[in-house]
Structure formats: structure tokens, C-alpha cells
Amino acid sequence: MTTPTGATTGGDTPGSTSDLADNAPADAPTDSGFRGLSPGKLMWRRFLRDRTGVVSAGVVLFFVLVAVLAPVISMIYGKDPQTHYGQNDPTLLTDSGLPVAPNGGMSGDFWFGLEPGLGRDILTQLVYGIRTSLIIAVATSVLTTVIGVALGIAAGYLGGKIDYFIGRVIDVLMSFPSQIFLIATMPVVTSLLVAPNEKIPEWLPFVAVTIVLSLLGWMGLARILRGVSLSLREREFIEAAKVTGASPMRIIFKEILPNLWTPILVQSTLALPAFVTAEAGLSYLGVGVSEPTPDWGRMIADAASYLRTDVTFLLFPGLAMVVFVLAFNLLGDSVRDAFDPKTSR
Amino acid sequence: MLRFLVRRSLGALVILVIVSMVTYALFFAIPADPARLYCGKTCTPETLAMIRHEMGFDQSTLAQYWNWLSTIFTGGTFNNVQCSAPCFGYSFDKKELVGGLLADRFPTTLSLTVGSAVIFLIFGIGTGMLAAHKQGKAADKIASAASLLASSLQIYVAGPLALWALCYSTNLLELPKYVPFTEDPLGWASGLLVPWIVLSLIWTANYTRMTRSSMVEQLSEDYVRTARAKGMSGTSVFMRYAWRGAMGTIVTVFGIDLGVLLGGAIITETTFGLHGLGQLAIQSFYDSDLSLLVGVTVVAATLIVFFNIIVDAVYALIDPRIRLA
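Residue numbers (our numbering), protein chains in the order written: chain Z, 8 to 352; chain R, 7 to 331.
These are calculated hints, taken from the structure and not from any lab test.
Some clues are possibly wrong.
[What the hints assert, rightly or not] From the derived model, a few chain Z residues whose C-beta atoms are all more than 12 Å from chain R:
| id | residue |
| --- | --- |
| 1 | L130 |
| 2 | M181 |
| 3 | E241 |
| 4 | E243 |
| 5 | T276 |
| 6 | L289 |
| 7 | D340 |
[As the list claims (entries may be wrong)] Ranges of calculated distance between the beta carbons of each label pair, as one might list FRET restraints:
| id | chain 1 | residue 1 | chain 2 | residue 2 | range |
| --- | --- | --- | --- | --- | --- |
| 8 | R | R250 | Z | W51 | 39 to 49 Å |
| 9 | R | S90 | Z | P255 | 54 to 64 Å |
| 10 | R | M56 | Z | F260 | 38 to 48 Å |
| 11 | Z | L199 | R | P113 | 49 to 59 Å |
| 12 | Z | G293 | R | D110 | 16 to 26 Å |
| 13 | Z | P78 | R | S175 | 48 to 58 Å |
| 14 | Z | L237 | R | E189 | 51 to 61 Å |
| 15 | Z | L72 | R | R9 | 52 to 62 Å |
| 16 | Z | L72 | R | D110 | 44 to 54 Å |
| 17 | Z | Y84 | R | S175 | 46 to 56 Å |
| 18 | Z | G167 | R | I315 | 19 to 29 Å |
| 19 | Z | S238 | R | M7 | 44 to 54 Å |
| 20 | R | S175 | Z | S297 | 27 to 37 Å |
| 21 | Z | G47 | R | S175 | 46 to 56 Å |
[What the hints assert, rightly or not] Just some of the chain R residues that point at chain Z, by a computed CB distance under 7 Å:
| id | residue |
| --- | --- |
| 22 | L8 |
| 23 | V12 |
| 24 | Y30 |
| 25 | P166 |
| 26 | F313 |
| 27 | V317 |
| 28 | A319 |
None of the values given here were measured: they were computed from a predicted structure.
Backbone N, C-alpha and C define an ideal beta-carbon position, used for all residues, glycine too.
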């Protein structure tokens, strides 16, 4: 059975073909006619033509590479994020705990300076901090996408009581004040995962933050997918599948799901930077990932207390955060434009 | 209209009851010894026993919930302090009624919200309309790029930076503090100026983007084209037709945002050291003062639900189709 993939989005075959013919006549001869171009390929071509999108994808890729290669970078650079360099070497920090060298202790040895107090290296903290952010943000995106897809399709396709129930659950969760709720559920989730007397293992904050962020993160996607699958349900190809005796599972996975990839991918690309900032926000408030795991939010919070003396400590994690979020937001916009050329920004 | 409001209010009441149940379950049913959490840091065995008894932790969970819920409406006595309805409980850690603590903190959050909302509505909608009017031209591109950059800023990055740039290094503006409006209106404004600037910078960006996109959408509608075709002036079409259509989206989002902001902007208040509802929430979390945390959560949720109803009512006034549906 053939599936009219992409029929609900802007990528329906006639429109896309003419789009390609209008905008990229240079590509046409090599393709020997327009047949055989999947919606995915069309999307990829549109994306490559979007310069902002390609550049921001490059920036995002750079951050991901830095996160993956953090141990290698740390080895070449010769420092690690845990060692208290400033305390081991008394010439680095003053008695009050501030770096001796100007600009937050920036020097040939410590490129981005030294953390006041403990005297750890800021560059490696920053590099390992991306890991913390990305692990939690990616895990949360995957989890929320799975929940959002499952409940969105269930509500939209099955309808009836299930739809009503899921709709009310979403209403209730949307009514929760999210910041307070995130903070308040952290100790509850932590207490569920570890007994009070046990030592908290290193992975636990990661899991707890991911769970807490996922609890309030899936509703947007579920609402969108509910709407799309509600309209898909009435389409002829679904009717046809039903008449030919396809099981509900087959209809959901083979007929409906392929038509939902566009909103799923677009929403997850837009959600990921939001999770990065939410995770950093939790650590900023002292609720998220705890010491000694390097974390941008906590670096910013620590830096904020040294504002009177030196702003340098704030600049590196702050700038890294803004550049990363900006690049990811731009990438999200470009992905949406590439998938759905009809929407204008 | 009345029927519409009654129906929506009843729905909201059900949501609030469920929110309170979930909140209750989270804070009371899951922890092993809720009385211990209720007790706070300065906990003696006597206080612990008293809390156990007064909160009725020896009863079943359902009975406990019912007690907690009915206390909100009927009031009660905690630790020899009379608490009249609406009673949000008693903080054993702070030795004060939760309702009183909330009432003390609310003016700060209200001032923060109202001041920045005025700024971001004026600038956000203004810039957005300008960008939509000059669509594709330089002004539009600059406004769009600036709002994209500003919306990628976070309060915990922009806030400390603004504090450094405007207060610590240059002494241009006063350090943030809250002075009641009734005491000293000028001091009130100057004390909150830095938080207003930072908060509205980020929110202005969102409203610019939103206003621009909904104006552009409205301007491409058929009825706008018809109005133009029958010879209506460009300004009238823009202001009376497209703007009215775009207002629906803006009102909806603003209402929801207002509820969220009034419920306490935790990160903003922490960054600027303002003692509002959000700061109270995080403080109660640090002190493990759960009765206070429950109080803040329920009040914040009520504000969100309340403003959702207001949004629906306003929306129904703007757009008659909603009322009839």
C-alpha cells in the first residue's frame, strides 16, 4: 500500500515539483525529470539553499562536537574541570579567592580564566558543561517526543473518551505554574529514585531533571499531533486502509505516523533549545544538576555573585548560552521553512 | 455571554480541584514522612508531634485531602493562630499564616508584572506592527533580527549583565529594590527600572515576532483584499481591519502570559533580589517548607486559570463566532 507521505504538509507532490522547477532550474537536468525525488530529498535541498540555516546548523554541530570530544580537548589542553588549580598553586589566587591575573585570571595556561574560590579551569568547565546540557536536553526531547506522539495520536485517532481524558490531562498540566512545579517536583522525584539515607549517585540529577522537564514538556506536541491525526482520520486513504482490513496498529504506524514526521521533527528542533535553557534555569536556582558536575546554569549563578568585582566569569558561560540558543532557534526556523515552504516567517 | 462565562468557570473550578489534588498528592502522599517535611529546618520532636496531629497525618490520604481542601473554605486554627477563610494553611517553619505571607509578597510581583507588561506591550506591538507595515524592507529586517536575538537571551544571562552594565560598573541606575507605590511612586519606579528593562527586553521580542506574524497573516486574508479593492485607505485597512483581526491572538497570549507572570517570576525575582511570590516559592523550597510551597502553587495555578477565563471572555467579546460555538 502506498502512503501519500507529506500530503498534509506543504510538501504535496505537485506543489513541490513546481517549487523545485521554479527555484532550481540548475538542478533539473541532472535529475532527468523530477520523478524519484522523495519529500525528504526536497526538504534537504530547500534547507541547503537557506544560508542562515546552514550556518546555524554549523554552529550547533560545533557545540555537539565539542561536547562529544570534551575528554580529547581536555587532554590536549592539559586541564580537567575537577582539579582545584587555584588552591593547589597559591600564586594563582589572592587571599580573598579571586584570580591574581587580570580579566578573571585569563593567561596562557588558563585561556578563559580561573573560577574564583575553588580555582577550577573555566574552559574545561564550559566544555564539559555542554555535555550536561546536551545530554539532558536530548534525553528530554526524546522522552517528550515519544509521550507527545503516543498521546497525540491516541487522542486524535481513537477519539471519544480517550481524547476527552487526554485533553483534560493537558488542560490540568497547562494550568500548573511551570517554574514552581519544576522546582517542587525535583525533591519528590529524587526521593522516589533514592532512599533518603543513601548517597545520591552521580547519574541521579540527570535522570531527575530529565523526568521533571519531560512531565511538563510534552503537551505542545501532543496538541498539534492530535489536531493533525484528527483530520487525517477522515481522509480517503485511511478509509481505504480500514476497508481492506488493516489493523488499527497498522493504520497508526504505516498510514498516520509517516504523515506526522514533519510536525514532529519541527517541534522537537524548536523544543530542544527550550530544554537547554530550562535545565540551565534549574541549575541557576540551585535545584538542578549538583556539584561537581560542570553546568552552565550553575556557572552563571556563581558568576553573578562576583559581578561587583569582575564580569568576566559571567561572559563565557553567558555568551556560550546565548550563541547556542540563538543558533538552535534559527536552525528550528530553517527546518520549519524547509519542510513547509508555504509558511512565511 | 453569561452562559458562556458560567460554563467556563465551572470547567475552571474542576481544573483547580484536580490541580489541588495533584499538588496535594505530590507534596503529601509521596514523601515518606510529610510531617517531617512540613516541619522545616528548625524541627523539634514536640513540633513534629503537633504537626502530625494538627494536619491529621494519621488519617487516610483521602480524608487528609478533604481536610486540607475544606480548610481553604472554612478556615481553622494552627498553633493557636486563627486562620479565617480563604485559609491556605500555616507555615510551621516561618511561624506565620501562608495567606499572610502570600499577601505580603504579592504587591512586589504585581508591580514587576504591571510595569514590564506596559513596556513590552507598547514596544512589542508597536515594533511588530511597524515591521508588518514595512514588510520585507530594511526596518522589518532590523526589527526581526533584533527580536530574534533578544528572544534568545535568558533572564539569568541578561539580568546579571544589565546589573553589571547599569548599576555596578557605571552607577547609572539604582540597584533593584521594592518600595510600595503608595509610599513613594518615584522610588517605586526607579527601584524597579532595571528589572523592568530586562524583563521587557525579552518579552518585547516575543510580542514583536507574534504581532508581526499575525498582522502579516491578516493582511493576506481575503477580506483585507476586498476592503482594499473597494477603495478603503491603506491606514484604515491596516488599523481597523488587519489590526482587529490580529488582536485576538495577542489578547490570548497576553492573558496567558499575565497569569504566568503574576504567579511569580522565580528566576527574575531571584536575579534581582526582589521578594515576590516567586522568591517566596524558591525560599520555601530551600527551607523544605512544603505548606508554603503548596500555598504558592495553588495560588499561582488559580491565577493562571483565572486569566484563561478572562482571555476567553475578552476573546468572545472581540469575536462573536466563539460565543455561538
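Going through the hints against the structure:
No beta-carbon of chain R comes within 12 Å of the beta-carbon of L130 (chain Z); the shortest separation is about 19 Å. The Cβ of M181 (chain Z) does not lie farther than 12 Å from every Cβ of chain R; its closest approach is about 8 Å, which violates its non-interface assignment. Non-interface call for E241 (chain Z) relative to chain R: holds, since the shortest CB-CB distance, roughly 20 Å, exceeds 12 Å. For E243 (chain Z), the non-interface assignment is confirmed: its Cβ lies about 28 Å from the closest Cβ of chain R, beyond the 12 Å cut-off.
Annotated as non-interface, T276 (chain Z) keeps its C-beta farther than 12 Å from every C-beta of chain R; the closest such distance is 14 Å. At roughly 10 Å from the closest C-beta of chain R, the C-beta of L289 (chain Z) falls inside 12 Å, breaking its exclusion from the interface. Interface exclusion of D340 (chain Z) from chain R breaks down, the closest Cβ pair being 8 Å apart, not more than 12 Å. Checked against the hint of 39 to 49 Å, the C-beta distance between R250 (chain R) and W51 (chain Z) comes to roughly 41 Å, which is consistent with it.
As the Cβ distance of S90 (chain R) to P255 (chain Z) is approximately 55 Å, the hint placing it in 54 to 64 Å holds. For the hinted restraint 38 to 48 Å between M56 (chain R) and F260 (chain Z), the CB-CB distance of approximately 58 Å leaves it violated. Look at L199 (chain Z) against P113 (chain R): about 37 Å separates their beta carbons, and that is not inside 49 to 59 Å. Range check, G293 (chain Z) to D110 (chain R): Cβ separation about 23 Å, and the 16 to 26 Å hint holds.
In this structure the hint that P78 (chain Z) and S175 (chain R) lie 48 to 58 Å apart at CB is violated, the actual value being about 37 Å. With their beta carbons about 55 Å apart, L237 (chain Z) and E189 (chain R) fall inside the hinted range of 51 to 61 Å. Distance hint check for L72 (chain Z) and R9 (chain R): the Cβ-Cβ separation is about 59 Å, which falls inside the suggested range of 52 to 62 Å. In this structure the supplied range 44 to 54 Å holds for L72 (chain Z) paired with D110 (chain R), their Cβ-Cβ distance being about 50 Å.
Checking the proposed 46 to 56 Å range against Y84 (chain Z) and S175 (chain R) shows it is violated: the Cβ atoms sit about 31 Å from each other. About 27 Å separates the C-beta atoms of G167 (chain Z) and I315 (chain R), a value consistent with the hinted range of 19 to 29 Å. The hinted range of 44 to 54 Å is not satisfied by S238 (chain Z) and M7 (chain R), whose Cβ atoms lie roughly 31 Å apart. Under the hint 27 to 37 Å, the C-beta atoms of S175 (chain R) and S297 (chain Z), about 31 Å apart, fit the expected range.
In this structure the supplied range 46 to 56 Å holds for G47 (chain Z) paired with S175 (chain R), their Cβ-Cβ distance being about 52 Å. The interface hint given for L8 (chain R) is broken, as the beta carbon of that residue sits about 23 Å from the closest beta carbon of chain Z, more than 7 Å. With a least beta-carbon distance of about 18 Å to chain Z, the hint placing V12 (chain R) at the interface is violated under the 7 Å criterion. Hint status for Y30 (chain R) relative to chain Z: violated, with the closest Cβ pair at about 12 Å, above 7 Å.
Because the beta carbon of P166 (chain R) sits about 4 Å from the nearest beta carbon in chain Z, less than 7 Å, this interface hint is met. The beta carbon of F313 (chain R) comes no nearer than 10 Å to any beta carbon in chain Z, farther than 7 Å, and the hint placing it at the interface is violated. This hint is violated: V317 (chain R) has a C-beta 13 Å from the nearest C-beta of chain Z, more than the 7 Å allowed. Hint status for A319 (chain R) relative to chain Z: violated, with the closest Cβ pair at about 17 Å, above 7 Å.
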